[in-house]
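If you want the building blocks of each chain, they are given just below.
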Amino acid sequence: MWGILRQKVVAGGSPLVRIRPVVSALRSYSSAAKEMMVRDALNSALDEEMSADPKVFLMGEEVGEYQGAYKISKGLLDKYGPERVLDTPITEAGFTGIGVGAAYYGLKPVVEFMTFNFSMQAIDHIINSAAKSNYMSAGQMPVPIVFRGPNGAAAGVGAQHSHCYAAWYASCPGLKVLAPYNSEDARGLLKAAIRDPDPVVFLENELLYGESFPVSAEALDSSFCLPIGKAKIEREGKDVTITAFSKMVGFSLKAADILAKEGISAEVINLRSIRPLDRATINASVRKTNRLVTVEEGFPQHGIGAEICTSVIEDSFGYLDAPVERISGADVPMPYAANLERMAVPQVEDIVRAAKRACYRARPMAAVA
Amino acid sequence: MSSSPSSARWPSCAGWRSPPIPSTRRNSSVDSATCTTARKLWPIGMEAAITKKDCIITAYRDHCTFLGRGGTLLQVFSELMGRKDGCSKGKGGSMHFYKKDANFYGGHGIVGAQVPLGCGLAFAQKYSKDETVTFALYGDGAANQGQLFEALNISALWDLPAILVCENNHYGMGTAEWRAAKSPSYYKRGDYVPGLKVDGMDALAVKQACKFAKEHALKNGPIILEMDTYRYHGHSMSDPGSTYRTRDEISGVRQERDPIERVRKLILSHDLATEKELKDIEKEIRKEVDEAIAQAKESPMPDPSELFTNVYAKGYGAEKGEEGGAPGGEKGQRLQMNLCHGDITAPDCKEWLGPWGNH
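From first to last, the protein sequence lines stand for chains A and B. Just add 1054 to wherever you are in the first sequence, counting from 1, and you've got our numbering. Just add 65 to wherever you are in the second sequence, counting from 1, and you've got our numbering.
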């Protein structure tokens, strides 16, 4: 009873009759941090935004009767009906174009790609029909759409199903590109994405769906929203800045633990937003630590790390005490064999090694001669 | 002929007959600034059958469609010249005219993309229970696009009020239809979706077909209309239009099937107006067109600051809420260079804005 009263106060005070989210994250409040799986976080965010705004609808393969290929949309068909939760045929170009057209008219579609590898079939609509429309029409045609789904490597799915699209979409002006890490990120960023009037590419991670993270009471509130374009300092440090997004944030935090034992205090930045990139936070951190290691799972050439390194060199060159380091996936299509696959993506030890390299480069040149 | 606004629009398309309006941009093969001539009378027939609440979406030959939806000549010519009074403030160009307040959704450069987009508009109309329809226009060149069939399949499954209109002018750029389509009977290509073939050079036939299609689509879902029409000029400024067909063919169509001539003959034979009255209307329209061109030439180029506006509808952050610019567009986002190291790369030019508009 007490928990329910507090729930109403937290939800803005007005006694609105709201349909309670299907996957109720609002169990009883206790002093211990509440844990929530990323998939439940995404589900609750979708649920709350669909409940709040009748223009929001979800479409994609298996989102309805199958309850979602990864169960992200579980329960939503039962609750909102087949007009708002639409199972599509396996025709990405067609249904993505339909989603963008609906957004032109003023609806707020959430288009799910079973993985972002399949978004390539629809990429013309994402870039040419969605991202550029507001500019080409000088503001007449905003496109309030969200494209979401798992991105990057999973486990043992081979080359065609393991590609990371962060750099692809983040290079395009007109798109916003978000990459949540934990459940709080998942909730806050998805809600922000759905409310945003611009096209948002929302890059999830299949392996994170089943992971649980603590969530604050504030994050559980239905009005919770995270700002687009702001990174989060997951762990403060003073010796080296490590930037990462999505699953690599977890690896970077583990690397920071290992580095701490060796006397290196790493600051881990969870980018959250790939476009716009929070250059201010990254640069401020590097100006403090004087060293940078960027981490990403995707391919190295023209990747996110390349952009961050250049940004830091452009804005904070004088503050660097070591060359910038970028850690990325190997420059090969993803192999299937488990040992090769492990080598093809960054592991915790790779991040540790790079951070140590960045820290030990501070020997003066005179000592070498 | 009544003097209703829609019929007053018919003669203004006569102004498009000669010569093609040159674009002032590069002479590239995708520059389709012109060549909106006879085949484009039929949108006017369509407008006579529908309302401004019905949606229209088309490809890059969007000038007359824009006029039909209520756009002005000044907006058209200014946009073609890349001036600030253009309908897209000079930032879209010939291929990207829009008029959202009249439910005209552009203006699309990628062949075939407008068809799924149009089916999406129809989806939204049905979702919103608006009892209106969408006309998604495409050419015979686009008719073979896979995404068209994907969108048609979904439209048929979900009973969307989508009318797919194939403007068959028999040439996809330089390729005749019989070289591009195994079956050039585009109205039959819907398979499970019904189709009608219409004489696109007869504005009244077009009007009747569109009226029928609208009623059908609202009740039964998608339908295809094939408008049999013709393109006198080449695909764009860089295409003379005569390397892949004979001049006799072009002049033959002009003599026998020209839509404006047909309307003129009908008007005269039914004594709805005299020759002189029609000539006066044409003169007046040409004058209007000339004036609009002159006015457009006076319109200034967009301000340099416009380079970075409208990238987003909203800044980047739910908490900010101001007009969107490029990332880093605000001073706070990009730190000042450490001037002790000397800024050897920035040009002296005051107008240099840098890649993010904030140098």
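Treat the hints as calculated values from the structure; they're not laboratory data. Note that the Cβ used here is the ideal one computed from N, Cα and C, for glycine as well. Treat the hints loosely; a few may be bogus.
[To be verified] Here are the simulated distance ranges between beta carbons:
1. A1106/A / K330/B: 47 to 55 Å
2. L269/B / A1208/A: 38 to 46 Å
3. D166/B / M1397/A: 53 to 61 Å
4. G1160/A / A359/B: 46 to 54 Å
5. E349/B / G1160/A: 24 to 32 Å
6. A1106/A / W243/B: 16 to 24 Å
7. G1160/A / S316/B: 56 to 64 Å
8. N285/B / G1160/A: 23 to 31 Å
9. D336/B / I1144/A: 54 to 62 Å
10. E1265/A / Y257/B: 39 to 47 Å
11. M366/B / A1384/A: 45 to 53 Å
12. Y257/B / A1392/A: 22 to 30 Å
13. D1132/A / S193/B: 22 to 30 Å
Here is how each hint holds up against the structure:
Between A1106/A and K330/B, the C-beta spacing of about 59 Å breaks the proposed range 47 to 55 Å. Distance hint check: the CB atoms of L269/B and A1208/A are about 59 Å apart, inconsistent with the given range 38 to 46 Å. Roughly 57 Å separates the CB atoms of D166/B and M1397/A, a value that falls within the hinted 53 to 61 Å. Judged by the Cβ atoms, the range 46 to 54 Å given for G1160/A and A359/B is violated: they are separated by roughly 37 Å.
Between E349/B and G1160/A the CB atoms are about 38 Å apart, so this pair departs from the stated range of 24 to 32 Å. At roughly 54 Å, the beta-carbon separation of A1106/A and W243/B lies outside the given 16 to 24 Å, and the hint is violated. At about 47 Å, the CB distance of G1160/A to S316/B disagrees with the hint of 56 to 64 Å. The hinted window of 23 to 31 Å between N285/B and G1160/A holds, with their beta carbons roughly 25 Å apart.
Checked against the hint of 54 to 62 Å, the pair D336/B and I1144/A passes, with Cβ atoms roughly 60 Å apart. A C-beta distance of roughly 45 Å is found between E1265/A and Y257/B, which places it inside the suggested range of 39 to 47 Å. A beta carbon spacing of about 48 Å between M366/B and A1384/A agrees with the range 45 to 53 Å that was offered as a hint. A C-beta distance of roughly 46 Å is found between Y257/B and A1392/A, which places it outside the suggested range of 22 to 30 Å.
Here the CB-CB span from D1132/A to S193/B is close to 23 Å, well matched to the stated 22 to 30 Å.
The structure is inconsistent with the numbered hints 1, 2, 4, 5, 6, 7 and 12, although it conforms to all the rest.
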